[in-house]
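K.L.:
The primary structure of each chain is shown beneath.
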Amino acid sequence: MIENSNQIGSDSPVVSSRGAEDIAAICNKYGNDKHRMLDILIEVQDRWRCISPASMDVIASQTDLTRIEVEGVASFYSFLSLTPKGRVTIRLCDDIVDRFCGLEEVATAFEEVLGIKMGQTSNDGAFSLEYTPCIGMCDQAPAAMVNDIVLTRLTPDKARAAAHDLKSGQRPESLISDRFGSFSAHQQALRMVDNNIRHAGEVLLGPVPNDAGLANAVGITPTQIVNTVEDSQLRGCGGAGFTAGRKWRFAASDPAEKHFVLCNADEGEPGTFKDRVLLTERPHLLIEGMTICARAIGAQQGILYLRGEYVYLRDLLEQVLDDRRRRGLLGTDIMGVKRFNFDIRIQMGAGAYVCGEEGALISSCEGLPGEPKTRPPFPVNRGYLGYPTVVNNVETFCHAARILDRGADWFRAMGAEGSHGTKLFSVCGDCLNPGIYELPYGHTVWELLEMVSGQDAAAVQVGGPSGTMIARDSFHRRLTFDDLATGGAIIVFNGQRNILEIVEYYMSFFVHESCGYCTPCRVGNVFLQKAIQKFRQGLANPEDIEYLKDLSGTIIETSRCGLGMTSPNPILSTLQNFPLVYSTMTKPSKNRIRDTFDIQSAIDGARKIAKRRSHIFDRDFTQ
Amino acid sequence: MTEPAPPELPRARIATASLAGCFGCHMAILDIDERLIELMNLVDVDRSPLTDKKRFTQRCDIGIIEGGCCNEENVHVLHDFRRNCDVLIALGQCAIMGGLPAMRNAIMHSDAPLRECLVEAYISGPYIRNTTHNIPNDPALPLLLDEVYPCSQVVEIDYQIPGCAPSGDIIFDTLGALLSGRFRGFERDMIRFD
Chain A
1 MIENSNQIGS DSPVVSSRGA EDIAAICNKY GNDKHRMLDI LIEVQDRWRC ISPASMDVIA
61 SQTDLTRIEV EGVASFYSFL SLTPKGRVTI RLCDDIVDRF CGLEEVATAF EEVLGIKMGQ
121 TSNDGAFSLE YTPCIGMCDQ APAAMVNDIV LTRLTPDKAR AAAHDLKSGQ RPESLISDRF
181 GSFSAHQQAL RMVDNNIRHA GEVLLGPVPN DAGLANAVGI TPTQIVNTVE DSQLRGCGGA
241 GFTAGRKWRF AASDPAEKHF VLCNADEGEP GTFKDRVLLT ERPHLLIEGM TICARAIGAQ
301 QGILYLRGEY VYLRDLLEQV LDDRRRRGLL GTDIMGVKRF NFDIRIQMGA GAYVCGEEGA
361 LISSCEGLPG EPKTRPPFPV NRGYLGYPTV VNNVETFCHA ARILDRGADW FRAMGAEGSH
421 GTKLFSVCGD CLNPGIYELP YGHTVWELLE MVSGQDAAAV QVGGPSGTMI ARDSFHRRLT
481 FDDLATGGAI IVFNGQRNIL EIVEYYMSFF VHESCGYCTP CRVGNVFLQK AIQKFRQGLA
541 NPEDIEYLKD LSGTIIETSR CGLGMTSPNP ILSTLQNFPL VYSTMTKPSK NRIRDTFDIQ
601 SAIDGARKIA KRRSHIFDRD FTQ
Chain B
1001 MTEPAPPELP RARIATASLA GCFGCHMAIL DIDERLIELM NLVDVDRSPL TDKKRFTQRC
1061 DIGIIEGGCC NEENVHVLHD FRRNCDVLIA LGQCAIMGGL PAMRNAIMHS DAPLRECLVE
1121 AYISGPYIRN TTHNIPNDPA LPLLLDEVYP CSQVVEIDYQ IPGCAPSGDI IFDTLGALLS
1181 GRFRGFERDM IRFD
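Chain order of the listed sequences is A and B.
Each residue of the first sequence is one higher than the one before, starting from 1 at the first, in the numbering used here.
Each residue of the second sequence is one higher than the one before, starting from 1001 at the first, in the numbering used here.
Any given hint could be a false lead.
[Unchecked claim] Keeping only pairs whose Cα atoms sit at most 20 Å apart, straight-line, the calculated SDA-like set for lysine to any residue is:
no., chain 1, residue 1, chain 2, residue 2
1, A, 530, B, 1152
2, A, 549, A, 578
3, A, 611, B, 1141
For the record, the hints were derived by calculation from the structure and aren't laboratory data.
Bound-form chain A, shown alone (with noise of 0.2 Å):
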């Protein structure tokens, strides 16, 4: 311990050889294995607080990597750090909804008791300060990740307090509470986060017995498994919607000699906090169904992929799958099938929503920068390591354990037609009731308003960022695939709000977020995020209405990815359904001249250097 806080704070962490041998039996630890990069690289970068160039060198030649493969993975993750952090890491979560709950107060409470600004770590290697994207609590917001352990609701007296406490050597943990290691870890995560369940539904969240849909799946063949679970009509719960049936028989169909099934619980989209409720209250549920899955389409491994941001449900994971191997639910013969072989890793994220995509998910769980994979072939079929893969959301893995255990009319017979089943709505922002309602499909925005106490609602994303923002006039749309497709955020605006703001917000998201492979996502929400800008400076033409179309449709249909062909999105339905807003806000420009064009910031790094005014643009000035 002490010879880490050592290293923490000098400039150039220099690893000594006893640093060299403890980073290399990390390395030995995952089996010096490429694949494992990404969980060599946390676990150096928790306990060294950086990847330091020195540890690079160390992890390239065990790995038989050159030393830049490796930094192209550190340097990917925004969790993972090149320079030193601090040893208390306090991330505030810089959502919308957060903003518009009084971040920006938290954050200087913050700053002024830890004496650094958000952004910097302090001299003495203590602490570090800085926003993140949303960390999924946005119905208890504002919220923030103090290493492993999350603070919700924060107040400026509770920042105060928390950061004095911290300051005056308490642990992250004791923040919580004195006796929070003697707590189990379910009821660790619900000391830190309420889960807010408003509504359970018959599906998820309401009774659900033991491991009754696996006890059924290993008394049927597998087609029969693939069989119920397209008769059920299930569709993916992550957003895009794919029918999971056909998915598993795509998977099932291919002859390769191995097969991987892969949870995505990688929920990045902000608003969305829905999986982080079934992990913490039905992972067992979870775990069952990716059973169910791999008992379908004959995978022997599968990896559970949690985001950075929910490293806090990690033990309480971890053991949930000790227990469930213990009890010969997973493992070898499960529950007494000879060869029917399976077993589950953890694969922590690092803070990158892009890995929230299927292909950037499983190149992340290749030890590989999150970037998504080029389509097809699609991973159905050459996913994992190549090989045919099964990548679903959280939510789409419990209903297909429910579905397993009840039948597939069971719940075809729930929802609207074309969206069956049940939906949980992650509900926040401006309502009296944020929270979870698990509700059949079908639904209209006004009556899930009713529900959530959010009837002077001006305006609702739907899907997040890169759904849908209507307007009162559509509020009588319905919750379906077919009308309003949403992976589960529903966010509420009342009339306060600034919609350009936050289409501001949500581009500067996207921009972010962007993996930077292609240049129409990177470069393009770049421009779409300034153009906004300019629109909220009302330096705006009339045309740039049409730029905004243009450039957005040119976005959507080059980039590589599902983030580049909907982050232009948040533009595209606010000015679909919010048109005033942007045409108040423009006006011709004067003599046809640019009024963006600022001549006097332009010349002034100039005036500087040349110590004298301008000639032309300074003329009412004597010299």
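Since the structure of chain A is already known, use the hints to place chain B on it.
P.N.:
Chain B only, in chain A's frame:
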């Protein structure tokens, strides 16, 4: 496309200027060669380096701009052109995108990019022989802008003729089409990299 415009058209007034460019686009205008005589039957040239007129004598129909804006004088001239011309054409890569001069915009990871650029150009560059070791600062020199701007960021531009430099043929054809009201944009195969 090269057929001359009908002679009964009223004569148009055009003006040209070279801002942060290399004068290559003006050389390309001269590359119209003997067809210049044909062109002169259709237009009068007002303010332009070709006539050496430094000010507008009257309002013009078409202004042709070579180069982007790298200093305050460029901005001043461009504003003047916008006020005095009905139609403004950005001619060549520098006017449209900033071009070669805009390479200095790439100095961005610096606290003082402009100073860094000037020091490199006049003092520390390996091929510099500057016995005064000073950055030129005559009061008559216009102040540089923080970066090089394409013309369309400073004023509204009506048409763009891409190329570095656009060929004399393209300039002649485009002007001819504009003067006779037949210009409908470029064919797809003309908009391409070399």
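K.L.:
Decide, hint by hint, whether the structure agrees.
P.N.:
Against the structure, the hints come out as follows:
| no. | hint | in the structure |
| --- | --- | --- |
| 1 | A/530 with B/1152 | holds (16 Å) |
| 2 | A/549 with A/578 | holds (14 Å) |
| 3 | A/611 with B/1141 | holds (12 Å) |
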